[in-house]
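K.L.:
Chains A and B, in that order, are what the protein sequence lines are.
Start counting the first sequence at 1; every next residue gets the next number (the working numbering).
Start counting the second sequence at 1; every next residue gets the next number (the working numbering).
Honestly, the hints are just simulated from the structure, not real lab data.
Treat the hints with care, as some may be off.
[To be verified] With a cut-off of at most 27 Å between alpha-carbon atoms, the simulated DSS-like pairs for lysine-lysine come out as follows: (1) Lys16(A) / Lys423(B); (2) Lys426(A) / Lys25(B); (3) Lys426(A) / Lys437(A).
[As the list claims (entries may be wrong)] Partner residues are not named here, just some residues of chain B that face chain A (Cβ under 10 Å, in silico): (4) Gln30; (5) Met31; (6) Ile60; (7) Phe101; (8) Ala162; (9) Ser166; (10) Thr170; (11) Val174; (12) Arg278; (13) Glu281; (14) Arg310; (15) Leu316; (16) Phe321; (17) Asp322; (18) Glu330; (19) Tyr441.
Cβ coordinates follow ideal geometry from the N, Cα and C atoms, glycine included.
There are 2 protein chains.
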Amino acid sequence: MKEDKKGGEDKGSSTKEEIRTLREKLMAQQMLIREKGLPIIVLVEGWAAAGKGTLISEMISELDPRFYNVVSPAILPNREERYPFLYPYACAIPENGKIMFYDSGWMEAAVRKYLHRDITKEQYKDRIRSANEFERQLRDGGYIILKLFLDIGREEQRDRIALLRSDRETEWRVSEDDIWQHSEYDLFRSTYEEFMEKTGKTVEWHVLNGEKKKASVRDALKLLVDAADKALAEGRYCGKPFKENFPLLKMPRLSEVDLSLCIDEEEYSRELKRLQSRLAELHNIIYRKKIPVILCYEGWDAAGKGGNIRRIARPLDPRGFDVMPIASPEPHELARQYLWRFWTRLPRSGHICIFDRTWYGRVMVERLEGFCSEDDWKRAYNEMNEFERQLTDWGAVVIKFWIHIDPDTQLQRFTDRQNTPEKQWKLTEEDWRNREKWSEYEEAIDEMLRKTSTENAPWYIIESNDKKYARIKTLKIVTEALEKACSEHM
Amino acid sequence: MKEDKKGGEDKGSSTKEEIRTLREKLMAQQMLIREKGLPIIVLVEGWAAAGKGTLISEMISELDPRFYNVVSPAILPNREERYPFLYPYACAIPENGKIMFYDSGWMEAAVRKYLHRDITKEQYKDRIRSANEFERQLRDGGYIILKLFLDIGREEQRDRIALLRSDRETEWRVSEDDIWQHSEYDLFRSTYEEFMEKTGKTVEWHVLNGEKKKASVRDALKLLVDAADKALAEGRYCGKPFKENFPLLKMPRLSEVDLSLCIDEEEYSRELKRLQSRLAELHNIIYRKKIPVILCYEGWDAAGKGGNIRRIARPLDPRGFDVMPIASPEPHELARQYLWRFWTRLPRSGHICIFDRTWYGRVMVERLEGFCSEDDWKRAYNEMNEFERQLTDWGAVVIKFWIHIDPDTQLQRFTDRQNTPEKQWKLTEEDWRNREKWSEYEEAIDEMLRKTSTENAPWYIIESNDKKYARIKTLKIVTEALEKACSEHM
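Same shape as in the complex, but just chain A (with noise of 0.2 Å):
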């Protein structure tokens, strides 16, 4: 591990003096970054017992509370296992304008998982690339983030967990876990020089020797005062938007889709029972064998989601899934990388999360109404899919609905809902404007389902102007998709 050199050894007062200038500075870049709208990222992984939360401590402690917050994997509910793997680090990212500390965190639990030989090699690896994912899109949504390493020797490791276990205040400090890692001292190292070989390129690494601690307190605080001040000067940054490599499913233009299929009431009834009651009895099947399923709406205005998903829902048990309605974002939630809203409203494994509504937005009504910028929304094809990836590498079953109706049949059914008192709520002004921009819109959605159906995520476009055609081809397709992963997942 090559440690940063940042400025000679750990010459105490002059250290001491350096740590003061460094505090100022960075209380005052405070209202700056406040003001700015900057979110800061400090990633602090390293050693057990090298002393980071010490590191933290010394860095946020003339900093405004209301300015930073510090999370841990202690702090977080014990629940990454029923959650994908970059879950609680997600859900943790600050809003604009705020630093996060997090007390170690995605590299620590990719490492001692694998370690742990909790996960395979193939996911440890498939963890490798979701945390390259994860801290790029962060950074190319204008997070600054700043990732240390606080190292110590080995021999420095056992005297200070002999220390800690030496007295009864603080030898609970020392877990099960800590005393492994030291005993396999070698193979951490190697481990976590790796990981950080293989997550360097995007956002570099930090290593700080965390035997002299005012230098690393120094170092650690020169970082993040030198970020800081690099953004403030060049301003939120923007990724540009670049083209992966997908495995895509080929997808027909809208225009091409034969909207004139229907289905007779007969089978309609005969169908949907037949469906209904397998989906009943597979839910089951999910829910103890915990999958987690995820199934995404979107379509034209008045196509049918509601009663299409109330179809999906009716024979589901209520405890085992949840209808995620998705409006405009909240102040709270614009202020956070546009991700975010959806990591915090993944369900548990074993549970059904039906969203009406998606991350889909950014390329249809942000894109065109302009919400974002343009590298956002293009950038943002590549993210869904990666993000989407990260969810199937979870287990996830993810399917995609387009609810598909022409322009004459959505005028009937406004029309028709404007003359139905109770059905008067659904049609909004707003309704009316974005139907004047129809063609605009189908150009996006074409876009949109021609770059982002892949196979571990498929779309698939649901011919609904006949509403009763329409739910029984997603009943069917959910039906299949669960049927699959039940049988894969023994």
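Guided by the hints, dock chain B onto chain A, whose structure is given.
P.N.:
Structure of chain B alone, referenced to chain A:
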């Protein structure tokens, strides 16, 4: 258990017809409930295998998914033990205009824990009292609460459990706990009855016959439709304030406080060091003994809250505490009962949470700026006392500080902030406006201190014209309180 007689026997097709009519009525009510922003809680309690899930399924089957949610202890992470009794239920309350179905709730949590002997008779009584307080507070805040108990006889339960266990697909649905409940059927029955008797005054219970599925669905729907009708006709309820006999501590008026108190530099440095080092030790013990600690800061603008909080936070392990800055509520917070945003911010046991401003905004800024009705803020004294008692029931140390200065000192600090570029961000127009209302605020604060300083959650007035004096006094109070808690908590 006396069942609600709603309308004769389970007559098959006619009951089916009634259910259809009621569902249509509920669908029509949806829009109005949403428009008027009425929040509805449907609590479904009852025996294991009584069919609670199915009942909820039947109730929601025609509802728009944007309109309701279902929550159940199985869905909530199993963290009740690290949080107050009511925490999972309070965090899940619906926002205005929505229905939340609880698939078992605070009744089951109280009764089962008690019969399991996880809690004492005394704690069980506290839970009954808390449940009553919780329901009353929500009702007074405009929530519609419908409490259902789904009843089945001993033989029926035996048969249903046997049936579930006979099928490989459903046997996992019967837990050890369910079998134990069945073996203690009579004990459970009398305890459920007692619980309902003791919690039926503010919000009544409805016992439904779970052996007659259709009739119970019809009855539940009828109760919901009637409750919604009533609320739609009468408008949102707002509870009247009433006097509770909380044992209150005598507090001086602010005008009587001696603000000339100060400390010399030498004593300050010595005491700061001593107290912070003691606090660090205590934090270790707190963490180990899993004692939750809640420190509440209120005070005049520029009184020195921030610096005071920093001196408390300095010696704490950043993994074990959080500072929660409380700003004006966000839209999603305004859409729920006012204590919700504090419930959701409570620390886990063993952690320290420092609230930088608190729920007392209700009786200060919200009162004076007219952000809530007179009944609302007058009721709040009692509601906040109850809330804090629920926290101390859980074992929390709750301490409240009023950081006090006089108007001249404030003016001096405002002027200083105005003239110091790094401090300007701390001073807003609002601060000047609040200053003009000093005497109104003083009156409100005096009333607050008089009505909410309880033995379990006392207020301390901190003289802060000399900020250093204030810091030492606060540190002393905190360390003493923690010493006491650590010695009582074996």
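K.L.:
It remains to establish, for every hint, whether it holds in the given structure.
P.N.:
Going through the hints against the structure:
Between the alpha carbons of lysine 16(A) and lysine 423(B) the distance comes to roughly 25 Å, so the proposed pair stays at or under 27 Å and holds. For a cut-off of 27 Å, the pair hint linking lysine 426(A) to lysine 25(B) stands: about 17 Å separates their Cα positions. Note on lysine 426(A) and lysine 437(A): the hinted pairing holds, with a Cα-Cα distance of about 19 Å set against a maximum of 27 Å. Interface restraint check for glutamine 30(B): the shortest CB-CB distance to chain A comes to about 8 Å, inside 10 Å, so the restraint holds.
For the restraint placing methionine 31(B) at the interface with chain A, the shortest Cβ-Cβ distance is roughly 4 Å, inside the 10 Å limit, so the hint holds. With 10 Å as the threshold, the beta carbon of isoleucine 60(B) comes within range of chain A, its nearest partner Cβ sitting at about 7 Å, so the hint holds. The interface hint given for phenylalanine 101(B) is met, as the beta carbon of that residue sits about 7 Å from the closest beta carbon of chain A, less than 10 Å. Interface restraint check: alanine 162(B) against chain A, minimum CB-CB distance 18 Å, threshold 10 Å, status violated.
Residue-level restraint check for serine 166(B) is violated (minimum Cβ-Cβ distance to chain A is 15 Å; threshold 10 Å). Because the beta carbon of threonine 170(B) sits about 7 Å from the nearest beta carbon in chain A, less than 10 Å, this interface hint is met. About 13 Å separates the beta-carbon of valine 174(B) from the nearest beta-carbon of chain A, more than 10 Å, and the hint is not met. Hint status for arginine 278(B): violated, given a least beta-carbon distance of 12 Å to chain A, over 10 Å.
Of the supplied interface hints, the one on glutamate 281(B) holds, with its beta-carbon coming within about 7 Å of a beta-carbon of chain A, less than 10 Å. Here the hint on arginine 310(B) is kept, as its CB sits about 7 Å from the closest CB of chain A, short of 10 Å. Proximity of leucine 316(B) to chain A holds as hinted, the smallest CB-CB distance being about 8 Å (cut-off 10 Å). Interface restraint check: phenylalanine 321(B) against chain A, minimum CB-CB distance 8 Å, threshold 10 Å, status holds.
Evaluation of the aspartate 322(B) hint against chain A yields a held restraint, the C-beta minimum of about 7 Å falling below 10 Å. Checking glutamate 330(B) against chain A: minimum C-beta separation of about 5 Å stays under 10 Å; hint holds. The beta carbon of tyrosine 441(B) is not positioned within 10 Å of any beta carbon in chain A (closest approach about 21 Å), and the interface hint is therefore violated.
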